[in-house]
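**Q** Chains as they are written, first to last, in this note's numbering: chain A, 1 to 344; chain B, 1 to 344; chain C, 1 to 344.
To be clear, the hints were calculated from the coordinates, so they are not data collected in a lab. Here the structure is a predicted model, which is why all the values come from computation and not from measurement. Treat the hints with care, as some may be off.
Here are the computed distance ranges between Cβ atoms for each label pair [stated by the list, open to error]:
1) A:D315 to B:L76: 35 to 41 Å
2) C:R156 to B:G206: 34 to 40 Å
3) B:R120 to A:G302: 36 to 42 Å
With a cut-off of at most 30 Å between alpha-carbon atoms, the simulated DSSO-like pairs for lysine-lysine come out as follows [claimed, not checked]:
4) B:K249 to C:K115
5) A:K300 to B:K131
6) B:K131 to B:K248
7) C:K147 to A:K248
8) B:K215 to B:K246
9) A:K135 to A:K249
10) C:K131 to B:K248
11) A:K161 to A:K131
12) A:K215 to B:K249
Ideal Cβ positions, reconstructed from N, Cα and C, are used throughout, including at glycine.
Here is what each chain is made of, one letter per residue.
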Amino acid sequence: KFPTAAVTPSAYITSFLIHCRIMRPDDANIAGNVHGGTILKMIEEAGAIISTRHCNSQSGEHCVAALARVERTDFLSPMCIGEVAHVSAEITYTSKHSVEVQVNVLSENILTGAKRVTNRATLWYVPLSLKNVDKVLEVPPIQYAWKELEEDGKKRYEEQKLERLVTKQRNGDIIFPVFNPEPYTVGYSQSSLIHLVGPSDCTLHGFVHGGVTMKLMDEVAGIVAARHCKTNIVTASVDAINFHEKIKKGCVITISGRMTFTSNKSMEIEVFVDADPFVDEPKERYRAVSAFFTYVSLSKEGKPVPVPQLVETEDEKRRFEDGKGRYLQTKAKRQVQMQPLTQQ
Amino acid sequence: KFPTAAVTPSAYITSFLIHCRIMRPDDANIAGNVHGGTILKMIEEAGAIISTRHCNSQSGEHCVAALARVERTDFLSPMCIGEVAHVSAEITYTSKHSVEVQVNVLSENILTGAKRVTNRATLWYVPLSLKNVDKVLEVPPIQYAWKELEEDGKKRYEEQKLERLVTKQRNGDIIFPVFNPEPYTVGYSQSSLIHLVGPSDCTLHGFVHGGVTMKLMDEVAGIVAARHCKTNIVTASVDAINFHEKIKKGCVITISGRMTFTSNKSMEIEVFVDADPFVDEPKERYRAVSAFFTYVSLSKEGKPVPVPQLVETEDEKRRFEDGKGRYLQTKAKRQVQMQPLTQQ
Amino acid sequence: KFPTAAVTPSAYITSFLIHCRIMRPDDANIAGNVHGGTILKMIEEAGAIISTRHCNSQSGEHCVAALARVERTDFLSPMCIGEVAHVSAEITYTSKHSVEVQVNVLSENILTGAKRVTNRATLWYVPLSLKNVDKVLEVPPIQYAWKELEEDGKKRYEEQKLERLVTKQRNGDIIFPVFNPEPYTVGYSQSSLIHLVGPSDCTLHGFVHGGVTMKLMDEVAGIVAARHCKTNIVTASVDAINFHEKIKKGCVITISGRMTFTSNKSMEIEVFVDADPFVDEPKERYRAVSAFFTYVSLSKEGKPVPVPQLVETEDEKRRFEDGKGRYLQTKAKRQVQMQPLTQQ
Numbered sequence: 001k002f003p004t005a006a007v008t009p010s011a012y013i014t015s016f017l018i019h020c021r022i023m024r025p026d027d028a029n030i031a032g033n034v035h036g037g038t039i040l041k042m043i044e045e046a047g048a049i050i051s052t053r054h055c056n057s058q059s060g061e062h063c064v065a066a067l068a069r070v071e072r073t074d075f076l077s078p079m080c081i082g083e084v085a086h087v088s089a090e091i092t093y094t095s096k097h098s099v100e101v102q103v104n105v106l107s108e109n110i111l112t113g114a115k116r117v118t119n120r121a122t123l124w125y126v127p128l129s130l131k132n133v134d135k136v137l138e139v140p141p142i143q144y145a146w147k148e149l150e151e152d153g154k155k156r157y158e159e160q161k162l163e164r165l166v167t168k169q170r171n172g173d174i175i176f177p178v179f180n181p182e183p184y185t186v187g188y189s190q191s192s193l194i195h196l197v198g199p200s201d202c203t204l205h206g207f208v209h210g211g212v213t214m215k216l217m218d219e220v221a222g223i224v225a226a227r228h229c230k231t232n233i234v235t236a237s238v239d240a241i242n243f244h245e246k247i248k249k250g251c252v253i254t255i256s257g258r259m260t261f262t263s264n265k266s267m268e269i270e271v272f273v274d275a276d277p278f279v280d281e282p283k284e285r286y287r288a289v290s291a292f293f294t295y296v297s298l299s300k301e302g303k304p305v306p307v308p309q310l311v312e313t314e315d316e317k318r319r320f321e322d323g324k325g326r327y328l329q330t331k332a333k334r335q336v337q338m339q340p341l342t343q344q
Numbered sequence: 001k002f003p004t005a006a007v008t009p010s011a012y013i014t015s016f017l018i019h020c021r022i023m024r025p026d027d028a029n030i031a032g033n034v035h036g037g038t039i040l041k042m043i044e045e046a047g048a049i050i051s052t053r054h055c056n057s058q059s060g061e062h063c064v065a066a067l068a069r070v071e072r073t074d075f076l077s078p079m080c081i082g083e084v085a086h087v088s089a090e091i092t093y094t095s096k097h098s099v100e101v102q103v104n105v106l107s108e109n110i111l112t113g114a115k116r117v118t119n120r121a122t123l124w125y126v127p128l129s130l131k132n133v134d135k136v137l138e139v140p141p142i143q144y145a146w147k148e149l150e151e152d153g154k155k156r157y158e159e160q161k162l163e164r165l166v167t168k169q170r171n172g173d174i175i176f177p178v179f180n181p182e183p184y185t186v187g188y189s190q191s192s193l194i195h196l197v198g199p200s201d202c203t204l205h206g207f208v209h210g211g212v213t214m215k216l217m218d219e220v221a222g223i224v225a226a227r228h229c230k231t232n233i234v235t236a237s238v239d240a241i242n243f244h245e246k247i248k249k250g251c252v253i254t255i256s257g258r259m260t261f262t263s264n265k266s267m268e269i270e271v272f273v274d275a276d277p278f279v280d281e282p283k284e285r286y287r288a289v290s291a292f293f294t295y296v297s298l299s300k301e302g303k304p305v306p307v308p309q310l311v312e313t314e315d316e317k318r319r320f321e322d323g324k325g326r327y328l329q330t331k332a333k334r335q336v337q338m339q340p341l342t343q344q
Numbered sequence: 001k002f003p004t005a006a007v008t009p010s011a012y013i014t015s016f017l018i019h020c021r022i023m024r025p026d027d028a029n030i031a032g033n034v035h036g037g038t039i040l041k042m043i044e045e046a047g048a049i050i051s052t053r054h055c056n057s058q059s060g061e062h063c064v065a066a067l068a069r070v071e072r073t074d075f076l077s078p079m080c081i082g083e084v085a086h087v088s089a090e091i092t093y094t095s096k097h098s099v100e101v102q103v104n105v106l107s108e109n110i111l112t113g114a115k116r117v118t119n120r121a122t123l124w125y126v127p128l129s130l131k132n133v134d135k136v137l138e139v140p141p142i143q144y145a146w147k148e149l150e151e152d153g154k155k156r157y158e159e160q161k162l163e164r165l166v167t168k169q170r171n172g173d174i175i176f177p178v179f180n181p182e183p184y185t186v187g188y189s190q191s192s193l194i195h196l197v198g199p200s201d202c203t204l205h206g207f208v209h210g211g212v213t214m215k216l217m218d219e220v221a222g223i224v225a226a227r228h229c230k231t232n233i234v235t236a237s238v239d240a241i242n243f244h245e246k247i248k249k250g251c252v253i254t255i256s257g258r259m260t261f262t263s264n265k266s267m268e269i270e271v272f273v274d275a276d277p278f279v280d281e282p283k284e285r286y287r288a289v290s291a292f293f294t295y296v297s298l299s300k301e302g303k304p305v306p307v308p309q310l311v312e313t314e315d316e317k318r319r320f321e322d323g324k325g326r327y328l329q330t331k332a333k334r335q336v337q338m339q340p341l342t343q344q
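Model the full assembly from the supplied sequences, consistent with the hints where possible.
**A** Laid out in structure tokens, this is it:
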């Protein structure tokens, strides 16, 4: 997993990156479990830095790498306050206009020295010109150790490109407040959060970092999950997220979440991000991102416990069936992928 | 409290706003009680967003709504780490150049589902042009469900306008450090805090958000109260605050607090905010805001306990008598207002 | 320590500054001890404000004071969550182009009223023109109460000037990751952290505040120390730090730390800060700052405990011997300085 002696220092500096950070009380819930959103934000920061560095490694027009997509991410084991997160990022594929970054997160218990894999994530970035944010620049190609690595990368590239086209259609729904909802219905736990986009949320272009958006999405999803099952809850996974539309500094963003599905021990929550460029733009409010988060409910001892079943209306039943479909599909995929993760 | 089915979605989006956030360790004191300042900041954020959105809802010159005044605010019940704050904001009155926003804050214990009203606040905003910050724009009028609502609003508008004129006169005092103060004198607990105004404290205009200022004011007042009575203390109320002078990015602000009055179980603390545009401005240091905060002292079990009485000099006696006047006036007002809160 | 009645208010305002802040959970480690980096950041903020204010006190070109050097700083006693930090800063010497600021930090236990000295720090600032960041302006001279104060200050000024020239030569090393390190070797605990410099990290010039850099350096050093000895660790001291090169907004900074020496109860950690202006600059990655931090390991009861000895390679042995030299030198100096601290 670490570069071998054969890698020269200068190549090493652009194509590989290591980062440590101690987890603080504000990164975690009251039970001491670090929020999935905090981890997603760290992952995205590492990805943005390594891909921006790579895309500026050849002389030419300067650029910032913008997050286009995060592949489905599983949270394999919880991280706690006081542990050190080790984030390592590596560029694994480059197409003409995009960069694939693989990020691994380990959590280290400093007192015992024990390390556990927390996450593996794959992110896609696109270099946007600093002078003209609508211009996508070319990506310098990377060298592959084996030809197979390039071919596998190309396959992943084609797959995600297709999926991004498909999801562009969805995205119509709006969540309205419900007056006096029944327990365990969708309206009972649905929640929303507003955020005024400030300078520290933004890239050099003045657009919101993908990691900031994901952290807020996880925050809303966590509130929905906790209101539904009234226990300590943790993020188990996030479905692939596509970032179709950028969000500009000065916008107000509304992040809303609602429960779409419950299995015996997990909950699926759909999260929408709507951007309202309400001040200096002629633009209308628009849907910027949407995603599905899966949470599990934990007992005081940290063991998964059953989740109260969702009570649905007609409309919600359709969404429940869709959610069940995704749940079974993921379960099936996971069984297929149980062979050891080699290069991935 | 929630909009009825008769409200159309688009009207709903501009005139009503809901926001949830989990309270984190940094939002609270060591006893786990959320700081009044954290709540005031959330309230002001919601107010700024809804009024800015409303003032930009008609085509014309773009603007940002700036906080002009917050009416007296009572903290009815404490909020704790891990609870979810629900903030809902609504525009309740518009004059030609100002907007009145009512904000309600509920705290929800996620584990039990119990909700309690924490605060009700009334804020006044003024729309300032984005191109010329000294130009106040016109506010689009809202529709009232009943004629009485408009009349009541107009009355509130006239009252606060008068009060704002009056307070513009006060504001002369400066707090000097005292060498070797006696226990329980004013000098014994007086405190000050400096803050360099950074970009994330500011609006799109580059002026400090009212909520940021109020949070810092509560922080200083809390230090004064804790140093006086050496117990767990919580914000009980804040007197009306007028924001006469804007504070610009790059200023240093000094927030100073001193005790002015103690009753049996409460303390009144006066807080001054002085802005020092010390770098790129020819302007002198000036008083930007001042306010009175009331705190109560709590035992380890969370019950109010007696407060050590303030020991005063001649000058301080005058301020004590003034404080006593405000205390009795508030007490009397509260008894009058004990009839159910209808619209307001 | 406080100004006497003879000082007039206006002189008081520019040459003296007091600041209070409550320590929050995020300021501390899991054992509740406030990070040395948090304290260094508060110290530097106070120093930057007072020296910027002083340098702008005469009409002329406007400027911001940039941190040039921090003298060796000892952490005399730990500070805990819930305590109030009192920071007081005073200008003690001015040369033609630099300002010396003395900062004292007290920690106050609000519940008992007990106060302890936590730190005394000396910082040097240089006023840079707001219009042209490469232009150093002249500093208005201060008045000294006694002639001796000026002479002592001049001596300190000459000493630090010399030391700054010397350290400019060092700074060559790079830290590479080690694959599968043996326990208690340098590679076993070495760590690095990346940070994308955002607007809230920066001064009005768009350069990183010295305090922000020092806080990140302490964070990395703390991770190295904790990984080595797997206990609760606290910052004991920081060697003099020189800020030769500014770091600009938009840079990525990599902060790396490695252990260089262990005595019976302390560890010395070398920290490097490398800035990579990877986007809009033709500049190469460069070494911006480096420093030595000393940590001690504490038992659960807060008593110092023995530290596992460092296992070294040939190269590391040389660094160990250098570290031992610094340790013995400091120990000797401390015994000389045990006479009461008068003015300084």
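**Q** Mind checking the alpha carbons of C:K147 and A:K248 for me, to see if they're no more than 30 Å apart?
**A** Not satisfied, since the Cα-Cα distance of roughly 58 Å exceeds 30 Å.
**Q** Between C:K131 and B:K248, is the straight-line Cα distance small enough, at 30 Å or below?
**A** 19 Å, holds
**Q** Check the hint pairing A:K215 with B:K249 against an upper bound of 30 Å on the C-alpha distance.
**A** Distance of about 27 Å is within 30 Å: holds.
**Q** Holds or violated: 34 to 40 Å for the Cβ distance of C:R156 and B:G206?
**A** 39 Å, holds
**Q** Starting from B:K215, check that the Cα of B:K246 is at most 30 Å away, please.
**A** Holds: B:K215 and B:K246 sit about 16 Å apart, inside 30 Å.
**Q** Below or equal to 30 Å on CA atoms is what counts here, so check B:K249 against C:K115.
**A** Given that 30 Å is the threshold and the Cα spacing comes to 34 Å, the pair is violated.
**Q** Taking the Cβ atom of A:D315 and the Cβ atom of B:L76, is their distance within the range 35 to 41 Å?
**A** 37 Å, holds
**Q** With the threshold set at 30 Å, check whether the alpha-carbon distance from A:K300 to B:K131 stays at or below it.
**A** 55 Å, violated
**Q** Taking 36 to 42 Å as the stated bounds, is the beta-carbon spacing between B:R120 and A:G302 within them?
**A** The hint (36 to 42 Å, Cβ to Cβ) holds, given that B:R120 and A:G302 are roughly 39 Å apart.
**Q** Assess, step by step, whether the Cα of A:K135 is no farther than 30 Å from the Cα of A:K249, and give holds or violated.
**A** 19 Å, holds
**Q** Is A:K161 within 30 Å of A:K131, Cα to Cα?
**A** OK: A:K161 and A:K131 at ~26 Å, within 30 Å.
**Q** Below or equal to 30 Å on CA atoms is what counts here, so check B:K131 against B:K248.
**A** 16 Å, holds
The structure is inconsistent with the numbered hints 4, 5, 7, although it conforms to all the rest.
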